[in-house]
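Number 425 marks the last residue of the sequence shown (our numbering); no jumps.
Just so you know, these hints were derived from the structure itself, not from any lab.
The structure displayed is predicted, hence computed values, not measured ones.
Hints are supplied without guarantee of correctness; some may be wrong.
Stated by the list, open to error - Computed Cβ-Cβ distance ranges for the label pairs, DEER-style:
hint : residue 1 : residue 2 : range
1    : V272      : D355      : 46 to 54 Å
2    : A281      : S209      : 24 to 32 Å
3    : L99       : K188      : 38 to 46 Å
4    : E366      : P185      : 37 to 45 Å
5    : I356      : R196      : 15 to 23 Å
6    : K188      : A281      : 52 to 60 Å
7    : E233      : R283      : 49 to 57 Å
8    : R225      : D377      : 33 to 41 Å
9    : D355      : S268      : 26 to 34 Å
Said to hold, decoys possible - Here are the computed lysine-lysine pairs in the DSBU-like style, where the Cα-Cα straight-line distance is at most 30 Å:
hint : residue 1 : residue 2
10   : K290      : K201
11   : K145      : K290
12   : K393      : K345
13   : K395      : K345
14   : K201      : K145
15   : K384      : K395
16   : K188      : K290
17   : K345      : K290
18   : K188      : K145
19   : K384      : K345
20   : K188      : K201
We treat Cβ as the ideally placed atom computed from N, Cα and C, and that holds for glycine.
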Amino acid sequence: TSLAQIAAEELEVDWAQIEVVTASTAQGINDSKGKGSTSVMTAKLLQTLGHRTGLITSPHLRTWYERIRVDGQAIPQADFLRILGEVAPAIEAQEATLLEGQYISPQGIFLLMALRYFDEQDVTAAVVEVGRGGRFDDMSLVPNKVALFTPIFMEHAQYLGDSLERIAWHKAGIISTGGYAYSVPQEKVVLDVLQREADTKNAEFFWFSNQDLGEFISEIPNGLRFRLQRYGEIDLPFYARHQIENATLAVQAVGNMHARLQGIEHGSLEYVARIRQGLGAVRWPGRMQKLQEHPAIYVDGAINVHSAQDFLQSLENRVTHPLVIVAGVPSDRNVAGVYQVLAEKADALILTETDIHPNIHFPSAEEALNLARQFHDDVQHTPKLPDALELAKAKSGTEGTILLSVAQPLVGEAMILWDVETENI
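Using the sequences and the hints given, assemble the complete structure.
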């Protein structure tokens, strides 16, 4: 018995009444830069087209409630606590059947609660973000109609396998029998794995070439302008150019789902207008977000080499000097590699950490300083983010730029310091 079966049987969730799209991967740039943003864009487009839309994402930034949303609004605290109490007996009964060493993951519990809440809220379309894997991820228990794949690269090898083919096999597991799957451009070995999985499950698989993606036009003050087929020019409130391929993926997924849902005529002028409107209205706090001016401060969860490079490249034309980078990179990452990437562009580096998350640990001050000073002369360390920000502001002045390239708990701290609204997107 799985949590999905509990939801379907004991909690009486009727899968047939909910269109589900599952978004996976994001293994190249950052764990949140593919599947998370694609999930949010897909949900916003469905909502803009008039569908009651549920969304499951992780991790949260300020509150647990952010992980479960309907039409962009996080589940209210009262409903969260009520549903947790209601599902507790089913969870405890399931736990009683587990063998030694087995456990129910927190993600599974959130999934169970979300499905109950979606059912109560008469959700007609749901978007589910998968965790690091896919085939054995709790979120893949939900029978989806559409599976989405953002770029699959070598990452999390210690959990998923030491080859790109093996990692792709894990990801491919979210494809449902008789369903649909869409992918952005991938390496051939990845496409082969996805195609085999789709063939085995009698699913239709569509993959985009670079020519199928939206075309970058220009940077705009709050993001990017790009052109996408019949939709024309679209303003997208993201700074990173890879978000154009995520937006292309979201538009295709929504077209597939909308065709099976009642509403605005598919392909009509109103449909096109709402797609443009929806993409322009997307909010995804803490993801390459500008927090203030004078000095300009941006925050992102860029804690691996790929994401750090992307962070710097995406803001290259927006950065003013002095450029001060605050880095908070956990010990289980390539700390030296990230420091090296950041040091190449920074006028000064400030290293920081947090103890807010019990499972995320940082190098000691001595270790962090020794690593960073291999790549830059102006390096300081302070264990608290507010103190790091004060040091950074003193160095940048009002005309410089500060980049916060930090782990997710520190992104959450930044959301609190700037009082960023995270429960309503």
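We went through each hint and held it up to the structure:
At about 49 Å, the beta-carbon gap between V272 and D355 stays in the expected band of 46 to 54 Å. With their beta carbons about 28 Å apart, A281 and S209 fall inside the hinted range of 24 to 32 Å. Checked against the given bound of 38 to 46 Å, the beta carbons of L99 and K188, roughly 40 Å apart, stay inside it. In this structure the supplied range 37 to 45 Å holds for E366 paired with P185, their Cβ-Cβ distance being about 43 Å.
Evaluation of the 15 to 23 Å hint for I356 and R196 yields a failure: the beta carbon distance comes to about 42 Å. The given range of 52 to 60 Å is broken by K188 and A281, whose C-beta atoms sit roughly 36 Å from each other. The beta-carbon spacing between E233 and R283, approximately 21 Å, falls outside the hinted interval of 49 to 57 Å. Against the hinted window of 33 to 41 Å, the Cβ-Cβ separation of R225 and D377 comes to about 39 Å, which satisfies the hint.
Take D355 and S268: their Cβ atoms lie about 54 Å apart, and the range 26 to 34 Å is violated. For the hint linking K290 to K201, the alpha-carbon distance of about 43 Å lies beyond 30 Å, and the restraint is violated. In summary, the hint linking K145 to K290 is not supported, as the alpha carbons are separated by about 35 Å, beyond the 30 Å threshold. For the given pair, K393 sits about 17 Å from K345 by alpha-carbon distance, which is consistent with the 30 Å threshold.
Pair hint K395 plus K345 holds up; C-alpha atoms about 15 Å apart against a cutoff of 30 Å. For the suggested pair K201 and K145, the alpha carbons sit about 12 Å apart, so the restraint of at most 30 Å is met. A threshold of 30 Å between alpha carbons decides the hint, and for K384 with K395 the separation of about 17 Å falls inside it, so the pair holds. Distance hint between K188 and K290 is unfulfilled; the C-alpha atoms sit about 36 Å from each other, more than 30 Å.
Distance check on the hinted pair: K345 and K290 sit about 18 Å apart at the alpha-carbon level, within 30 Å; holds. Between K188 and K145 the CA atoms are separated by roughly 25 Å; this keeps the pair inside 30 Å, and the hint holds. As the CA atoms of K384 and K345 are separated by approximately 23 Å, the hinted pair is consistent with the 30 Å bound. Between the alpha carbons of K188 and K201 the distance comes to roughly 20 Å, so the proposed pair stays at or under 30 Å and holds.
Checked against the numbered hints above, the structure breaks hints 5, 6, 7, 9, 10, 11 and 16 and satisfies the rest.
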